[in-house]
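Engineer: Residue numbers (my numbering), protein chains in the order written: chain A, -13 to 231; chain B, -13 to 231.
Check each hint, because a few of them may be wrong.
[Stated by the list, open to error] Sample of chain B residues at the chain A side, in silico, Cβ under 7 Å:
id: 1; residue: T57
id: 2; residue: A111
id: 3; residue: A220
[Unchecked claim] Partner residues are not named here, just some residues of chain B that face chain A (Cβ under 7 Å, in silico):
id: 4; residue: Q32
id: 5; residue: R73
id: 6; residue: L77
id: 7; residue: F104
id: 8; residue: P108
id: 9; residue: E122
id: 10; residue: V125
id: 11; residue: L129
id: 12; residue: R134
id: 13; residue: L214
id: 14; residue: E216
By construction, these hints were calculated from the structure, which means they are not laboratory data. If you're wondering where the values come from, they're calculated on a predicted model, not measured in any experiment. Virtual Cβ for every residue (Gly too), placed ideally from N, Cα, C.
Number of protein chains: 2
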Amino acid sequence: MASAEHSPLTRKLSAFVALSEVELAVLERLHQRRRSFVAGRDMVHQGQSAQAAYILSSGWVCSYKLQADGTRQIVDFQVPGDFLGLRSVLLRTSDHSFEPIVDIEAAEVLASDLLGTFARTPRLATAILWAASRDEAMVVEHLVGIGRRDADARMAHFLLELKSRLALVGIGSKEGFDCPLTQYHLADTLGLSAVHVNRVLRQLRESGLVTFRDGRVTFHDYGGLVELAEFDPAYLDQTAGPLLK
Amino acid sequence: MASAEHSPLTRKLSAFVALSEVELAVLERLHQRRRSFVAGRDMVHQGQSAQAAYILSSGWVCSYKLQADGTRQIVDFQVPGDFLGLRSVLLRTSDHSFEPIVDIEAAEVLASDLLGTFARTPRLATAILWAASRDEAMVVEHLVGIGRRDADARMAHFLLELKSRLALVGIGSKEGFDCPLTQYHLADTLGLSAVHVNRVLRQLRESGLVTFRDGRVTFHDYGGLVELAEFDPAYLDQTAGPLLK
Chain A
-13 MASAEHSPLT RKLSAFVALS EVELAVLERL HQRRRSFVAG RDMVHQGQSA
37 QAAYILSSGW VCSYKLQADG TRQIVDFQVP GDFLGLRSVL LRTSDHSFEP
87 IVDIEAAEVL ASDLLGTFAR TPRLATAILW AASRDEAMVV EHLVGIGRRD
137 ADARMAHFLL ELKSRLALVG IGSKEGFDCP LTQYHLADTL GLSAVHVNRV
187 LRQLRESGLV TFRDGRVTFH DYGGLVELAE FDPAYLDQTA GPLLK
Chain B
-13 MASAEHSPLT RKLSAFVALS EVELAVLERL HQRRRSFVAG RDMVHQGQSA
37 QAAYILSSGW VCSYKLQADG TRQIVDFQVP GDFLGLRSVL LRTSDHSFEP
87 IVDIEAAEVL ASDLLGTFAR TPRLATAILW AASRDEAMVV EHLVGIGRRD
137 ADARMAHFLL ELKSRLALVG IGSKEGFDCP LTQYHLADTL GLSAVHVNRV
187 LRQLRESGLV TFRDGRVTFH DYGGLVELAE FDPAYLDQTA GPLLK
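Same shape as in the complex, but just chain A:
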């Protein structure tokens, strides 16, 4: 079992695969090439051919697509323990851009190292396939949110998902979590205007459910928020214990 001294990625994958000492060591070795990136400057551009992925150790990143008319759709956020650009390495081109929201620390993983690791430690390949499946399940939830949920439920669902993701890597508590996202990030994620985002957050606060202010999300009525969002965390698969023993 991974302990707090391990990287966030190791903690996350350990939720799915009971990693051996050898596998733990291989995973930690993938973190050797440490890099720092400053907030607000793209790490990877849409359309760039991808030679490397990154494992996020600290900080938050957003991945987004720009349309030709200049509008931006944020596809997802990455928090510690998440891969950036794993899909881009496998598909050999980045279908989106990555921008650090705060200064971040990440490990660079070359495509060849990644493919070599998969070949030598197949249980790690399976664990990373699990993580990719979980990421896909989140994008599906965002798709359903934009397609079919009203603005309040969409926001509530998004905040609950973030809480669960952070909890898996030991960040935040059941009271809330620190969150560097602005109203513009929320707007471009949820398909709302910034003004609408503010209105929704005010409603959620005045209903006594949740407050998002000064970089902090605070839950007042977790159960009520879950009900509003129809939030079922099964797609995040983080309570059942390892599938691969």
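Position chain B relative to chain A; hints supplied.
Structural biologist: Chain B alone, transformed into the frame defined by chain A:
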């Protein structure tokens, strides 16, 4: 290299991994448990715990989520060579339902067989991770489509994506393809009403770009459609040749 006598899944994965004779044999053995399902009856229900995935051999399937208010968001369609419920097996619960659109043939793959295959043939695990990444890239495109593209471009992008996916498994031609989807499928996929879908299809036809009628999509001006949709097939990664030699 996989030939036409191989399954559609083998043809698809061969676009990414140059599979050995042993790997080809293992992949074909995953197809042993053949099953038939009739159109219109759910194969897997949202929330069902998932013991098996399916590999689609022939026919079309849609995967969707129902909201509590009864509205349906179609997340994706599966065509021959696609996995159904791979994510559900890994996440141990199905986050959506699967419904065959026509009568279909599929191979049932038990979770244990799948995990065993990954452990013994890691290059197949990598190839399936590639396929999962490609599926995720498609969901991202749908998210961007619903969030940011206008209805004409959304429809055009969707039809072009389907054409590319089918071409990879040897179905259809550059003139067009057979397509069993109804206006209701299109509406629930693209976040439009059925009336709006009809209007969009009429506009595309009258602009001389594409016709979708009587179960057949026919391209009249492929280049014009690509331009309207801003369609860049890079995210489907099917022209560069195998990454894993």
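Engineer: Please flag the earlier hints that this structure goes against, numbers listed from lowest up.
Structural biologist: Numbers 4, 13, in rising order.
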